[in-house]
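Residue-level listing of the chains:
Protein chains: 4
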Amino acid sequence: MADCSYKLVSRKYKKENTIININGNLIGEGHICIIAGPCSVETRDQTFEIAEGIAKLGLKFFRGGIFKGRTSPYSFQGVKNDGFEIFQEIKKSLGLTIVSEVTSVSQIPQMINYVDILQIGSRNMQNYELLKDVARTKKPILLKRHFSANIEELLLAAEYILLEGNEKIILCERGIKTFEPMTRNTFDINAIPLLKEITHLPVIADPSHGTGIRSIVNPVGKAAIMAGADGLIVEVHNNPDQALSDGFQSITLQMLSKLLKDTEVICNLLHKKFN
Amino acid sequence: MADCSYKLVSRKYKKENTIININGNLIGEGHICIIAGPCSVETRDQTFEIAEGIAKLGLKFFRGGIFKGRTSPYSFQGVKNDGFEIFQEIKKSLGLTIVSEVTSVSQIPQMINYVDILQIGSRNMQNYELLKDVARTKKPILLKRHFSANIEELLLAAEYILLEGNEKIILCERGIKTFEPMTRNTFDINAIPLLKEITHLPVIADPSHGTGIRSIVNPVGKAAIMAGADGLIVEVHNNPDQALSDGFQSITLQMLSKLLKDTEVICNLLHKKFN
Amino acid sequence: MADCSYKLVSRKYKKENTIININGNLIGEGHICIIAGPCSVETRDQTFEIAEGIAKLGLKFFRGGIFKGRTSPYSFQGVKNDGFEIFQEIKKSLGLTIVSEVTSVSQIPQMINYVDILQIGSRNMQNYELLKDVARTKKPILLKRHFSANIEELLLAAEYILLEGNEKIILCERGIKTFEPMTRNTFDINAIPLLKEITHLPVIADPSHGTGIRSIVNPVGKAAIMAGADGLIVEVHNNPDQALSDGFQSITLQMLSKLLKDTEVICNLLHKKFN
Amino acid sequence: MADCSYKLVSRKYKKENTIININGNLIGEGHICIIAGPCSVETRDQTFEIAEGIAKLGLKFFRGGIFKGRTSPYSFQGVKNDGFEIFQEIKKSLGLTIVSEVTSVSQIPQMINYVDILQIGSRNMQNYELLKDVARTKKPILLKRHFSANIEELLLAAEYILLEGNEKIILCERGIKTFEPMTRNTFDINAIPLLKEITHLPVIADPSHGTGIRSIVNPVGKAAIMAGADGLIVEVHNNPDQALSDGFQSITLQMLSKLLKDTEVICNLLHKKFN
Chain A
220 MADCSYKLVS RKYKKENTII NINGNLIGEG HICIIAGPCS VETRDQTFEI
270 AEGIAKLGLK FFRGGIFKGR TSPYSFQGVK NDGFEIFQEI KKSLGLTIVS
320 EVTSVSQIPQ MINYVDILQI GSRNMQNYEL LKDVARTKKP ILLKRHFSAN
370 IEELLLAAEY ILLEGNEKII LCERGIKTFE PMTRNTFDIN AIPLLKEITH
420 LPVIADPSHG TGIRSIVNPV GKAAIMAGAD GLIVEVHNNP DQALSDGFQS
470 ITLQMLSKLL KDTEVICNLL HKKFN
Chain B
220 MADCSYKLVS RKYKKENTII NINGNLIGEG HICIIAGPCS VETRDQTFEI
270 AEGIAKLGLK FFRGGIFKGR TSPYSFQGVK NDGFEIFQEI KKSLGLTIVS
320 EVTSVSQIPQ MINYVDILQI GSRNMQNYEL LKDVARTKKP ILLKRHFSAN
370 IEELLLAAEY ILLEGNEKII LCERGIKTFE PMTRNTFDIN AIPLLKEITH
420 LPVIADPSHG TGIRSIVNPV GKAAIMAGAD GLIVEVHNNP DQALSDGFQS
470 ITLQMLSKLL KDTEVICNLL HKKFN
Chain C
220 MADCSYKLVS RKYKKENTII NINGNLIGEG HICIIAGPCS VETRDQTFEI
270 AEGIAKLGLK FFRGGIFKGR TSPYSFQGVK NDGFEIFQEI KKSLGLTIVS
320 EVTSVSQIPQ MINYVDILQI GSRNMQNYEL LKDVARTKKP ILLKRHFSAN
370 IEELLLAAEY ILLEGNEKII LCERGIKTFE PMTRNTFDIN AIPLLKEITH
420 LPVIADPSHG TGIRSIVNPV GKAAIMAGAD GLIVEVHNNP DQALSDGFQS
470 ITLQMLSKLL KDTEVICNLL HKKFN
Chain D
220 MADCSYKLVS RKYKKENTII NINGNLIGEG HICIIAGPCS VETRDQTFEI
270 AEGIAKLGLK FFRGGIFKGR TSPYSFQGVK NDGFEIFQEI KKSLGLTIVS
320 EVTSVSQIPQ MINYVDILQI GSRNMQNYEL LKDVARTKKP ILLKRHFSAN
370 IEELLLAAEY ILLEGNEKII LCERGIKTFE PMTRNTFDIN AIPLLKEITH
420 LPVIADPSHG TGIRSIVNPV GKAAIMAGAD GLIVEVHNNP DQALSDGFQS
470 ITLQMLSKLL KDTEVICNLL HKKFN
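These protein sequences, in sequence, are chains A, B, C and D.
Residue numbering for the first sequence follows my numbering, beginning at 220 and increasing consecutively.
Residue numbering for the second sequence follows my numbering, beginning at 220 and increasing consecutively.
Residue numbering for the third sequence follows my numbering, beginning at 220 and increasing consecutively.
Residue numbering for the fourth sequence follows my numbering, beginning at 220 and increasing consecutively.
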């Protein structure tokens, strides 16, 4: 396997941590970033209510899906292109940095006008054509681990992006598929310190998908920060029980506020900056 | 989950087995099809040697990858467009039906001119944009189960294709990721009779990826047929130890000949036709 | 790991197949054995009705649990010592060979008077104290693979028994725990030919636990035989829907009769004897 | 499954946290306990050197295995009864509370004279005869989750002990078997807050087995405390690279000292006592 292994992604290749600067906000090396927002952009009003709440809490990064790759064709598939205008308003009026998932090469040309961080979702981690095309935009990329990819496979997916000359990659552990039925996924806490040992790229955690249970997003999120994660991405909804997707794992704005306070205390402990 | 479940794919929707007619060769309902060929098309000579061997054994279906989605960017990525001419020659001179994998929407326009069955590889089973675009070609589709998808997820992926009005779908069980390190994947034999119970679509087995071990491709392939599979897809190489990909699990033409003889005997036992 | 690996269990140590002779019935090397009976001995009448049905079908081996290790303490725990008398009657009146599970060292002294093959259940595969004590009885042992043990660990458990000087071991693949929720376990068909390659011991299959679904016990059982298994162990009940344990995966006597006919045809094909 | 579920172990049955008092040291409800020591007691000198180091760091609980259930019969099986005298000396001279694993019912009568907390190892979590016999000693029990048991199965194993009238149970998450090959197990961080929600029993974490990698024991241990664990059990060795078992995951006394300092800071943050 020696000839198959990662190179550019490794600390052997680049010792110092990669820091990504997005609109003046830093990610990596002691800068903890919190990305929050709904699983799906549903309506202008719902999105704004959540985005405003997030901005009021002092956060800089807003997430929201508009192209939804759903297991069932009968599930809500996203507002698609209608989301772009909403993103533009949020950026203008609230100054938030937008994170959203690309699910097809054909979406890229428009996406890059409205979205600041292009997310590669779990299911597309090994969609190499998409990885390469997104890499070539030179935009920052949030690369989620596939729920059944091992750590080496995640690093090799990042290697595809690095080989296109784009090193603005944020890796994201979001839980893996195991035999445990009580949780949606098993959050692989080991992956956080292991990835930080092996690679110079920032590593964040998604405790929403990593657990699938609203009440344990907070403890698992805090645990990830304590284990060395450079940030969190969290699903937040103004009305979780009415959400069109992932409501069961979405936290309220009030719960987000609590999570931020807890995380800030840990950041102080670890001498890390919090944005 | 009731509103998320499959419909068109189900026997409740369509009771009788779907039979797919490709160039006069039938797949499904008692017609056992054997698809054989190299993991990757490497050179014209290698491909022809294998294809001729396969045709001599009386087989009708030839598989060969030209766009290879590989875990590592440093692994062989396929001959790409150079493969089309080779496919055309094989079709003309040997009369074989071609099966090859599509890994990106952009490949579809050319692919449909040279390839008879478009394969959706394991990693793209939940690449819904690709599924929909391939479905719209109205070509037969070989849909491989993702190595970490459960049976319901495979059926829902097929549902995406059926909803585009294409029911020429061949499902393929190719092994799932488990904790067992001795084999590349664990071939899920249970999935064969379960899928046959639930869906009207043909179901074939890939004992090459399902085991990752040349010496047990034969027994596991036979077991799949005995459990009700409508056919096999097998990696065959003229020189497995020199193959650019998957050599360790590729069988020789001689081993293929033995597998065919064994399978034919089982088909007689089960009163199934063998092509 | 070199110093940790199996020795006596390996074909490198002993090339020819081990054949076990129990009351004149052979197991291994072309002698297919079918072990059938209820998950649990419930009452004398229920047990006899099943045992008589099994004997009428020409089978020689009867299974029935009397000490039940159950996940929940509130589930039926078995008739315990009351089962011995029932076993004795079955042996006397029907001439069947008895297979039953030992769950504790303390049961051994009595067990050996009534039971012909001592079964080590899945959960006790790595209960080494039990393995050693059972081995010393010199009785034949049916060693079930733990549902999360890999193949090497199963072989090492057998090695513990062989080191006590007992080689009358029948290995049993009974399904492993995976992420698939539709089946109770995933029957690891790959394990059958792999084990036959590595070890000289007989290997049988348990399609009841391996699937957890009555309707697919037949196809998966046949597949196992086709893949090289030396026999089957199957849960059978006179009234599966009223069974005190595992009813959903137990087949009826009528379904057993069909399975036997099917298996006999395969045995003829493979030139194996059927008992 | 309603009739199979846990009762006594649940917070519905007992709302307030169970606190276990062992020799005056409390475990549970805000009392963080750290249990440290070698995987195996090897010699008197090695054991004493580690125990003295642990006592000097102010710890109260010493762990050390004397009956080792090993995957291979050729691996070191423990000093067995020779360990009792060493335990007695450690208790007398250093005042440490002893934690050691019972692997067989026959060891119990002697064990209870020398050991304060009887450990049920991962492999024996569903060895119900052992669970019941250990429960009846009325000693505190450290119950480790089997590496393939789901959370409900762990709770049901504890239920077996509670039904014998012993509620001095410490649950331990120690990692589960997944497809990830880079780590020995995947530490299930989700299980910590979930177990604390469901049950009143104390829950501790084993980051040594949970990772299998010395360098990430510290971050994963801290993460577990942050997620709500009531303590840690950690493998420590005076010379990890020469250890007769588990050396690769054992930390040095110096690394233990660092872990304790880090954990103490977290305990202050969480307003928990540290012993």
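Each hint should be verified, as a subset may be incorrect.
DSS-like, lysine-lysine: derived pairs with alpha carbons at most 30 Å apart [as the list claims (entries may be wrong)]: (1) A:Lys477 <-> D:Lys491; (2) C:Lys396 <-> B:Lys492; (3) C:Lys351 <-> D:Lys491; (4) C:Lys491 <-> B:Lys396; (5) D:Lys480 <-> A:Lys477; (6) C:Lys480 <-> B:Lys480; (7) C:Lys234 <-> B:Lys492; (8) D:Lys358 <-> D:Lys233; (9) D:Lys491 <-> A:Lys233; (10) C:Lys351 <-> B:Lys477; (11) D:Lys358 <-> C:Lys351; (12) A:Lys351 <-> B:Lys357; (13) B:Lys279 <-> B:Lys233; (14) A:Lys477 <-> D:Lys233; (15) C:Lys351 <-> D:Lys351; (16) A:Lys480 <-> D:Lys358; (17) B:Lys477 <-> C:Lys480; (18) B:Lys477 <-> C:Lys396.
Label-pair ranges, simulated between beta-carbon atoms [what the hints assert, rightly or not]: (19) A:Leu382 <-> D:Glu483: 20 to 30 Å; (20) B:Asn240 <-> A:Leu313: 54 to 64 Å; (21) D:Lys234 <-> C:Glu271: 32 to 42 Å; (22) C:Gln461 <-> B:Leu382: 36 to 46 Å; (23) C:Pro328 <-> D:Glu308: 54 to 64 Å; (24) D:Gly249 <-> A:His490: 57 to 67 Å; (25) D:Glu416 <-> A:Lys231: 37 to 47 Å; (26) D:Glu308 <-> C:Asn494: 51 to 61 Å; (27) B:Lys234 <-> C:Ser476: 54 to 64 Å; (28) C:Glu383 <-> D:Asp301: 21 to 31 Å.
What the hints contain is simulated information worked out from the structure, not anything from laboratory work.
Backbone N, C-alpha and C fix where the C-beta goes; we use that ideal spot for every residue, glycine too.
Distance restraint between D:Lys491 and A:Lys233, which requires alpha-carbon spacing of 30 Å or less: violated (40 Å)
Hint consistency between D:Lys358 and D:Lys233 [alpha-carbon to alpha-carbon, up to 30 Å]: OK: D:Lys358 and D:Lys233 at ~20 Å, within 30 Å.
Kindly confirm whether 57 to 67 Å is satisfied by the beta carbon distance between D:Gly249 and A:His490. Violated, at about 26 Å.
Restraint check for B:Lys477 with C:Lys396, where alpha carbons must lie at most 30 Å apart: Distance of about 33 Å is beyond 30 Å: violated.
Taking 30 Å as the top limit, are the C-alpha atoms of A:Lys477 and D:Lys233 close enough? Given that 30 Å is the threshold and the Cα spacing comes to 28 Å, the pair holds.
For the pair B:Lys234 and C:Ser476, does the Cβ-Cβ distance stay inside 54 to 64 Å? The hint (54 to 64 Å, Cβ to Cβ) is violated, given that B:Lys234 and C:Ser476 are roughly 28 Å apart.
When you check the alpha-carbon spacing of B:Lys279 and B:Lys233, does it fall within 30 Å? holds (28 Å)
Between C:Lys234 and B:Lys492, does the CA-CA distance stay at or below 30 Å? violated (39 Å)
Are the Cα positions of D:Lys358 and C:Lys351 separated by 30 Å at most? holds (27 Å)
Check the following: the C-beta atoms of C:Glu383 and D:Asp301 are separated by a distance inside 21 to 31 Å. Check passed, 22 Å falls within 21 to 31 Å.
Decide if the proposed pair is consistent with the structure: A:Lys351 and B:Lys357, CA atoms, cutoff 30 Å inclusive. The given pair, whose Cα atoms are some 28 Å apart, holds under the 30 Å limit.
Keeping to a limit of 30 Å between CA atoms, is the pair of B:Lys477 and C:Lys480 held or broken? holds (26 Å)
In summary, the numbered hints that this structure violates are 2, 3, 4, 7, 9, 10, 16, 18, 19, 21, 23, 24 and 27.
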